[in-house]
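Using the sequences and the hints given, assemble the complete structure.
Top to bottom, those sequences are chains A and B.
Here the numbering used here is used: the first residue of the first sequence is 21, the next is one more, and so on.
Here the numbering used here is used: the first residue of the second sequence is 670, the next is one more, and so on.
Rather than coming from a laboratory, the hints here were simulated on the basis of the structure.
Wrong hints could be hidden among the right ones.
Here are some chain B residues pointing at chain A (derived, C-beta under 8 Å) [what the hints assert, rightly or not]:
1) 786
2) 790
3) 888
4) 944
5) 945
These figures come from a predicted structure and were not determined experimentally.
Backbone N, C-alpha and C define an ideal beta-carbon position, used for all residues, glycine too.
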Amino acid sequence: MKKLIAASLFALSASVAGNAFAEPVKIGMITTLSGGGAGLGIDARDGFMLAIEQSGNKDIEIITEDDARKPELAVQIADKMIQSDKVDLMTGIIWSNLAMAVVPSATAQDVIYLSVNAGPSALAGAGCSPNYFNVAYQNDNFHEAMGEAANKDFKKTFIMAPNYPAGKDSLTGFKRFYKGELAGEVYTKLGQTDYAAEIAQIRASDADSVFIFLPGGMGVAFTKQYAQSGVDLPLMGPAFSFSQDVLPAIGDAALGVKNSASWAYDLDNEANKTFVEGFKEAYGRLPSVYAAQAYDTANLILSAAGKASVKDKDAFRAALKEADFDSVRGKFSFNSNNHPIQDFYVREVVKDGDTLTNKIVSTAFTDHQDAYAAECKM
Amino acid sequence: MSLTLFIEQILNGLQFGVMLFLMAAGLTLIFGVMGLINLAHGSLFMVGAFACATVAAATGSFWLGLVASLAAAAAAGALVEILVIRRLYERDHLDQVLATFALILIFSEGTRWVFGSFPLYLDIPQLLSGAVHLPGGAQYPIYRLAVIGVGIAVAIGLYLLIGKTRLGMRIRAGESDREMIGALGIDIGTLYTLVFALGAALAGLAGAMVGALQSVQVGMGEPVLILAFVVIVIGGIGSIKGALIGSILVGLTETLGRFLLPHFFGLFMPNSEAATIGAALASMLIYIVMALILAFRPQGLFAANA
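Take a look at the structure:
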């Protein structure tokens, strides 16, 4: 009898504590908070923190450090976090080149890494790892979705991306699903800000549409110059060039541009409503796709930590893989290579009152998986 | 490839060149007169762009923004000269590089602190929007033509200022012998502050004009700064004429290289590979040109103090 009372008391106390975890979780977040592209990292951090705050959980400790978009700095921070801070999980990296510098060595040291954005193909195929979970996408996905969607309206597209690994992944992804002809294929310098020469080539080509992958400031510069040039071919691209972080800087020049993503603020589900309202209230601006992905990452971690101790790596990995959380993207599950299977949408830049934002206009893919999953052996 | 496309690309190269000239002119003046390497010149470019974007957003007028960019950059330049740079003239170049690099960090973080990390909005004025038809059927944005016009006007203005006025005479004297003009009773401190503010104002003007084309964000000045250094090395350090010729050379090489090299490789290899190799080579091209010029003329094309 005494035992029974003790047991029920214990059960009661556990249920009162509610969301206390079996073991406190220590998370190391490396993201870009200064220099070019800081807007992306700040959005990711804010989205992540919002989910943790909304959960009210006190058993999570987050160490945030700025990588300034420099791979060598990211590697140093990662070493420090693993060796002296002894973090259980790592997350936060925005850029693929930084992810390639940090993730393989972190996962080899048995630290679980959850990606909020970067999804290089090298980590999705042969280089996959049981300790690496990508909660965002595989790099090619957004571009594949736009290639698929372009088939409907266009026959001859001019395509352009910066000359670096993610830029090549981008055009490869677009071409994988696009069936029309290419009016031109141009690689620009990474960080280029003047596109007059490229716009002149677009004007001189016989293209019926233009696809660009130019994230951050590059996209702002291109879209403004494109609108000023008087070329009026339809413009499309992945969400990166037309996300909430850059739209105010592009201004009306972005109106009507089609772009592909796994998320938009008007996606109709409960989790998304809570997220968008909470984000607006906490930070006074609309969230971007980076914030949405980071918010999902935090909720995934919370869901897994509620099921298993983070010290028991096998159980924790299994709990992560279940993806038992309410994603702001609606349906969400992990493929065999720990990359998402999810829907992709085509969005259009519209004006909602005075604010420029994206609205979903169609679905490009349902339950789409990446092209590299078959190469992953684990 | 048609003739009109070629003409358009040459205009693009010219426009890029005169924009670089506005940066390089200030940089080369400061180096020529004061012997100072100013890495923070790109920050003054950024100050101009942010001042223009802020004032344009508050008043709705790009033109007021342009005036504000000149004033803000000149003020920032004068302030920096009086507070920091003045202590560095007697030091060697390493100290100057370190101190002005610190200024870059201070300006960048300060700007982020005030304006945040997201790019600001700045559009071209209504008056200059749209494109004009050029003879031969080519079309060209009016704003870019205006930028070329401003660049040429500044070049003529600087030529007159330095060649025909008393201030210009002092600047030239300062370039050839700093101690002597001090000994002749000219207030060298004020002259330095003036020259520094003038260079800063030109950088600010460039920042504002380019900001309307590109994105106004923290760190926008540094890529331009690197090219401006290439320009003054090619043109000859301290020479305004060298800065002008060097800018146009770099502008044309960069633009035409980007445009022609992929076409050239496309003649004998598949398009996708040609685009990659052409783009890679095009981004090296100006540095190859710089290396060649330095090999034959180590002082640059028009060295002032050679």
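Verification of the hints:
no. : hint : result
1   : 786  : holds, 4 Å
2   : 790  : holds, 5 Å
3   : 888  : holds, 5 Å
4   : 944  : holds, 5 Å
5   : 945  : holds, 6 Å
Violated hints: none; the structure is consistent with every hint.
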